[in-house]
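Chain A is already provided as a structure; the job is to place chain B on it using the hints.
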Amino acid sequence: MKLERTVVIPTDDPDLARELFQNLVYKEAILLVVVLGKTDKAKRAVECADQCADAVIAGFKRKVVWIREPDILSNELASLKPGRQNLADTELDRVVAFSVSLADSVMDIVTMDDTIDFVRMEMAFLKAGEK
Amino acid sequence: MRRISCQLLKSVGAVVCCLFLADSGVTQVLSITEVERSGEDHPIILTQFSRPIVDINSSLVIQIDRDYVRRKAGEIFDSRQPIQSEELEAVTQILAAQAEIMGSFGPCLRSREECETILNSVSARLHALFEFVSERKGLRQRANEIFQTYRSPDRYKHIFALAAEEVERATAALRTAVEEQRVYFRLGGWMRNRSGDLRPIHIPNFDSYSDGEFFEAPRFTSLTSEELRSQLEAAREQADLVNQSGIKAAEGFISRSRVLENRVRDVVLCLSNLLRPEALRALSKKDSDILPEIEDSVASIQVQVQQILDGLGELRDLVNQLDYGADLLVTSGDLIIQGINLIETLKAGLDPLKQTTHFTIGLLESQKFKAELEDDLEDFLNEADTCKTDLDSLINDTATWGLEAYGYYFPRVYGDAMKMALEFGEEVKRFLLDDIPESTELDLRNTGARQNGDEILLRCALEDHVTSSDEAPESVELERRRLVMYQVGWHSTMSVGLVFVDQVTSDSIRLKNTFQAAPSCNLVLKHGSRSSLIYNSFWNVGLGLNFASPDLNLDTTPELGIGFVVTTAKDNLQLGVGRHLLGGNAWYWFFGVRFPAGTISVPGVITSDER
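Respectively, the protein sequence lines represent chains A and B.
When we follow this note's numbering, the leftmost residue of the first sequence carries the number 1, and every step to the right adds one.
When we follow this note's numbering, the leftmost residue of the second sequence carries the number 1, and every step to the right adds one.
One chain only, chain A, in its complex shape (with noise of 0.2 Å):
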């Protein structure tokens, strides 16, 4: 797997996630596309929202943070602010991935039901750029 536009959040560094997490969501003008987990749909939605990640849209630059065992982040998880969506409303076991928009707040929520494709990354990535 070729990644070049995904921080893998560490999983034997909790201090070190928390940071890098905090980092992404809450300092950078960035749009972001959160996934969760180890599993297949998971990696599978990995890589192609690392593909879609390439676009550049009126200067915003876009990001994948892949938390591979998310209850390490459960805090910050449940604190971030719910914006189109709200990731208390789905169980986390069935989210596959969630983006987050400039504003800091949940816009689309990819969960196990969903096609996992660029097609759908990218809707989750353009979701994120709305306000």
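Hints are not guaranteed to be accurate.
[Said to hold, decoys possible] Keeping only pairs whose Cα atoms sit at most 27 Å apart, straight-line, the calculated DSS-like set for lysine-lysine is:
1) A:K81 with A:K38
2) A:K2 with A:K63
3) B:K157 with A:K131
4) B:K570 with B:K526
5) A:K63 with B:K157
6) B:K157 with A:K61
7) A:K81 with A:K41
8) A:K27 with A:K81
9) A:K63 with A:K41
10) A:K131 with A:K81
11) B:K137 with A:K41
12) A:K61 with A:K81
13) A:K2 with A:K61
14) A:K27 with A:K131
15) A:K63 with A:K81
16) B:K157 with A:K2
17) A:K43 with B:K137
18) A:K81 with A:K43
Please keep in mind that the hints were generated in silico from the structure rather than gathered at the bench.
Only a predicted model underlies this, so the values are computations on that prediction, with no experimental measurement involved.
For chain B alone, coordinates are given in the frame of chain A:
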């Protein structure tokens, strides 16, 4: 105050009207307003059970409730409504903005706020575009291949091209689908005269028929001198006949009604005989061991026989009523209609009975009693045919006589207008639901010759689209309306007939009969009603002048008398007083009774008053 009262009354009327319409289940696709020649208009209140009256020379403004038609089309042809094109339009708009969207890829040299606005706008439109792509399986697969092949921003150009191709294909498919799923609205009009003849009429904007011959029913009518002369001559001959023969002159009328009565008796007898054949009695013996296999068939015959017997009982009652006087048959339209309906019912019952009997004979093939029964059953079938022929003949005669005598339209002649098949001709245009004209104006004067009592029939329907000329379109009727035309308001009529004169003031002349028959001519003023059919078609009171030529001095040369007359019942009853122009103080009373037998009139009873 008066104006407020009028408005209040109108409002109350409208509410009552709405309640009535709602109660009677009347939908109103067509709103009709009658516009008189004076310009005054009258909204026509339409109900299922009445025939609104319109003036014979007026115009009808017909408005079509297009929203209702569209709603109805949605309900009826729901599964075939055109597919929604909104999505295609939205995607087309995004495709049109491709250059602008593609220009936003890369760095943004504006303020952060402006760049965020651009990001929001572009993201929203691209999301809609990807949604369009994602919902179409083949398209989604091709889009994913583009992602694997191209990097940003080139891949978006290819996605645009892919979407454009799909929009073009879907638009063409939509156009075809809309073409195939068209629903048309049609409105047709017909004129039906009192003989029941039906002809289509031109409704402007809605068909390509030509206007009928322009005809305006004259408000004040008169007979031409030739018509007047010939009718007076005929009346003179009748008067001479009546003066010579008295009541015997009415024998033709009496005998005709007797013939009819006897025909009814013949039919009753025929049916009575028909229902007592030995075969039927044999079939009814359920305890017999001959018929275990045809039990159901026998039961069916018994039910049908009982129905006919019930109807026969009613027909017997009718004949018993005729015992009080054969003229009842022709003087009571209700009785005639009742009789014809009964006879029609009886006749309708014979066919299924015959079929069941045939069927039963078939079942008897293997029975040992077949030969014994078959002859009786064949007799029964032959008798049934005879009865049917008699019934047909009786219906025709009675209906014809009723029509000639009264102008009544009996079920056989008249049918039920609300059930008649009013077929649209090819001249009646088909309108797409968005193209239906909002209204039209039908000038009744352009519908050709017509008389009081003639009807205008309107029918509108929805039709689906057919692609082949061999295929009949599905047609769903939305509404049909009947309007009956009369001369509304003041108008005059002139008629020629017989009157029976009784002198009241001359001492010097002695009449041969109590009443002297004389030809006469009435010129009367009438007022047609806009609200009462029974008034227009029956009471129809007239007031005016009577010109008679009785021979009161018995010198075989008729003299001229002028008087005032009141007529009613379509001029069949006349009563008046006149002055004999012989000289002196010669006043007379007169009356006229036109029996429905047509041309002959017979004396009645009247009280004369000396002056």
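Each hint, compared with the structure:
Simply put, K81 of chain A and K38 of chain A have alpha-carbon atoms about 24 Å apart, close enough for the 27 Å limit, and the pair holds. Among the hinted pairs, K2 of chain A with K63 of chain A is consistent with the structure: their alpha-carbon atoms are about 14 Å apart, no more than 27 Å. Note on K157 of chain B and K131 of chain A: the hinted pairing holds, with a Cα-Cα distance of about 24 Å set against a maximum of 27 Å. Pair hint K570 of chain B plus K526 of chain B holds up; C-alpha atoms about 11 Å apart against a cutoff of 27 Å.
Taking the CA atoms of K63 of chain A and K157 of chain B, the gap is about 22 Å. The hint holds against a cut of 27 Å. In summary, the hint linking K157 of chain B to K61 of chain A is supported, as the alpha carbons are separated by about 19 Å, within the 27 Å threshold. Proposed proximity of K81 of chain A and K41 of chain A is supported: the alpha carbons are some 25 Å apart, at most 27 Å. Taking the CA atoms of K27 of chain A and K81 of chain A, the gap is near 15 Å; set against the 27 Å cutoff, the hint holds.
Pair hint K63 of chain A plus K41 of chain A holds up; C-alpha atoms about 18 Å apart against a cutoff of 27 Å. The straight-line distance between the Cα atoms of K131 of chain A and K81 of chain A is roughly 13 Å, inside the 27 Å bound, and the hint therefore holds. A distance of roughly 20 Å separates the Cα atoms of K137 of chain B and K41 of chain A; the hinted pair therefore holds under the 27 Å criterion. Using a Cα cut-off of 27 Å, the hinted pair K61 of chain A and K81 of chain A holds, with the two alpha carbons roughly 21 Å apart.
With a C-alpha separation of about 19 Å, the suggested pair K2 of chain A and K61 of chain A falls inside the 27 Å cut-off, and the hint holds. With a CA separation close to 18 Å, the supplied pair K27 of chain A and K131 of chain A stays within the 27 Å bound. Note on K63 of chain A and K81 of chain A: the hinted pairing holds, with a Cα-Cα distance of about 19 Å set against a maximum of 27 Å. Taking the CA atoms of K157 of chain B and K2 of chain A, the gap is about 25 Å. The hint holds against a cut of 27 Å.
Restraint check for K43 of chain A and K137 of chain B: the C-alpha separation of about 23 Å stays at or below 27 Å, so the hint holds. Between K81 of chain A and K43 of chain A the CA atoms are separated by roughly 25 Å; this keeps the pair inside 27 Å, and the hint holds.
Of the numbered hints given earlier, the model fails none.
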